[in-house]
Amino acid sequence: ASRALMGANMQKQATPCVDPERPLVATGIEEKAAKNTGRVVLAQADGKITEVDANHIVVERSDPGRGEPKEDEYTLSTHERTNARTSFHQRPVVDLGEQVEAGDVLADTSSSDGGQMALGKNVKIAFMSWYGANYEDAIIISDRLVKRDTYTSVHIEEFDVNVRETKLGPEVTTHDIPNVSEEKLKNLDEDGIIRVGAEVEPGDILVGKITPKGETQLTPEERLLRSIFGDKARDVKDSSKRMEKGKRGRVVNVKVFDREEGADLDSGILKRVVVEVAQLRRLRVGDKLAGR
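Terminal number for the sequence shown in the working numbering: 371, no gaps in between.
Just so you know, the hints here were simulated from the structure itself, not pulled from any lab data. There could be a bad hint or two in this list.
Simulated DEER-style distance windows between Cβ atoms [claimed, not checked]:
id	residue 1	residue 2	range
1	Ala217	Lys265	44 to 52 Å
2	Gly182	Glu130	18 to 26 Å
3	Gln123	Lys200	14 to 22 Å
4	Ile220	Gln123	40 to 48 Å
5	Asp366	Glu152	24 to 32 Å
6	Met207	Arg363	22 to 30 Å
7	Ala163	Glu300	44 to 52 Å
8	Leu247	Val225	48 to 56 Å
9	Lys200	Asp317	44 to 52 Å
10	Val104	Met207	18 to 26 Å
Lysine-lysine pairs mimicking BS3-like chemistry, simulated, CA-CA at most 25 Å apart [unchecked claim]:
id	residue 1	residue 2
11	Lys127	Lys91
12	Lys200	Lys263
13	Lys316	Lys265
14	Lys326	Lys265
15	Lys320	Lys334
C-beta atoms are modelled at their ideal positions from N, C-alpha and C, and glycine is treated no differently.
Using the sequences provided together with the hints, build the complete structure.
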C-alpha cells in the first residue's frame, strides 16, 4: 500500500512532455481520469467541424433544437504558465470537415493523448544491472532519448519589471534608450516592450526602461560635457530589464498592468510589465524518472 501511495504521488509530479503518448499497458481508467480534469475539450453536440486552428474550434450542429445555437465555438489555451512553471497547452485532434458526435474529443491537453491520460512516453526498458552504474535508484538511458527529444518538456518563466515614481521624476518604458544599438532594439515595440514570439538570449532587452538621473549622480566629466554640449541623454540612465545569464527561450506572453488603466499596484509603482519566456528543456543528469 505504501508503494502504491508513493507511485500515486509521483504521478502528480509528472512534467508534461512535448509529445505525450497514451500508455500501451493501461488500467482502463485513463480516459475517465483525463476527462474528469475538465481540461480535455469535448463536443457538446453532434455536428461538423467548420473551423479549426491553434486558437479555436467551431462545430456546426447537425440538428440544433429550438433555442439552441447553430454552432459551438471552443477557445483553446495556448502555452499557459502553470504553478509548476510548466506549459499547459491544448492542441486540436480533429480536421476541417470532420463529423463529430457529442462527447467526442476535439482537443487534447499537454497531459493527454486521444482523450486518455498520458503522463510520459512508451519506451523499451530492461531491468538489469549495468556494471554498477545503476546502483540503487539510478537509471541509465540511451542518448537517443535526448537527441530525439523523447522526454523534452516546455517550461515557462516569468520576468517582471516595475516602473516607479522617483524623487527625480517617473521612470519610463521606451524604445529610445541611450547608447544602445538598433540591433538590440529590433524586437521592442514603441513602448519598449518585447514582442511576443521573439527569441531571446542572455543580455537581450525584455523591457526598455529609463530612469531620471540627478546632478549628484553625474561625474565631474559628465557635468562638464553636459554644460558644453547640452546632452540631454545624460539626464537619464538605462535601467532596462534584460534576460538573465544562462537563460534563453521564446516570448509567449506579455502582460502590462497600468495604474492609469485601473490596475491595483503597490504605492510608488506606476506600471508593472510581466514577460513570460518559454524554454525547451531536454532530459539531463539528475532528472527524476518513474515507471507506472
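For each hint, the structure was consulted:
{"no.": "1", "hint": "Ala217 x Lys265: 44 to 52 Å", "verdict": "holds, 46 Å"}
{"no.": "2", "hint": "Gly182 x Glu130: 18 to 26 Å", "verdict": "holds, 20 Å"}
{"no.": "3", "hint": "Gln123 x Lys200: 14 to 22 Å", "verdict": "violated, 32 Å"}
{"no.": "4", "hint": "Ile220 x Gln123: 40 to 48 Å", "verdict": "holds, 43 Å"}
{"no.": "5", "hint": "Asp366 x Glu152: 24 to 32 Å", "verdict": "violated, 39 Å"}
{"no.": "6", "hint": "Met207 x Arg363: 22 to 30 Å", "verdict": "holds, 23 Å"}
{"no.": "7", "hint": "Ala163 x Glu300: 44 to 52 Å", "verdict": "holds, 51 Å"}
{"no.": "8", "hint": "Leu247 x Val225: 48 to 56 Å", "verdict": "holds, 52 Å"}
{"no.": "9", "hint": "Lys200 x Asp317: 44 to 52 Å", "verdict": "holds, 46 Å"}
{"no.": "10", "hint": "Val104 x Met207: 18 to 26 Å", "verdict": "holds, 20 Å"}
{"no.": "11", "hint": "Lys127 x Lys91", "verdict": "violated, 36 Å"}
{"no.": "12", "hint": "Lys200 x Lys263", "verdict": "violated, 40 Å"}
{"no.": "13", "hint": "Lys316 x Lys265", "verdict": "holds, 20 Å"}
{"no.": "14", "hint": "Lys326 x Lys265", "verdict": "holds, 20 Å"}
{"no.": "15", "hint": "Lys320 x Lys334", "verdict": "holds, 15 Å"}
Violated hints for the displayed structure, listed by number in ascending order: 3, 5, 11, 12.
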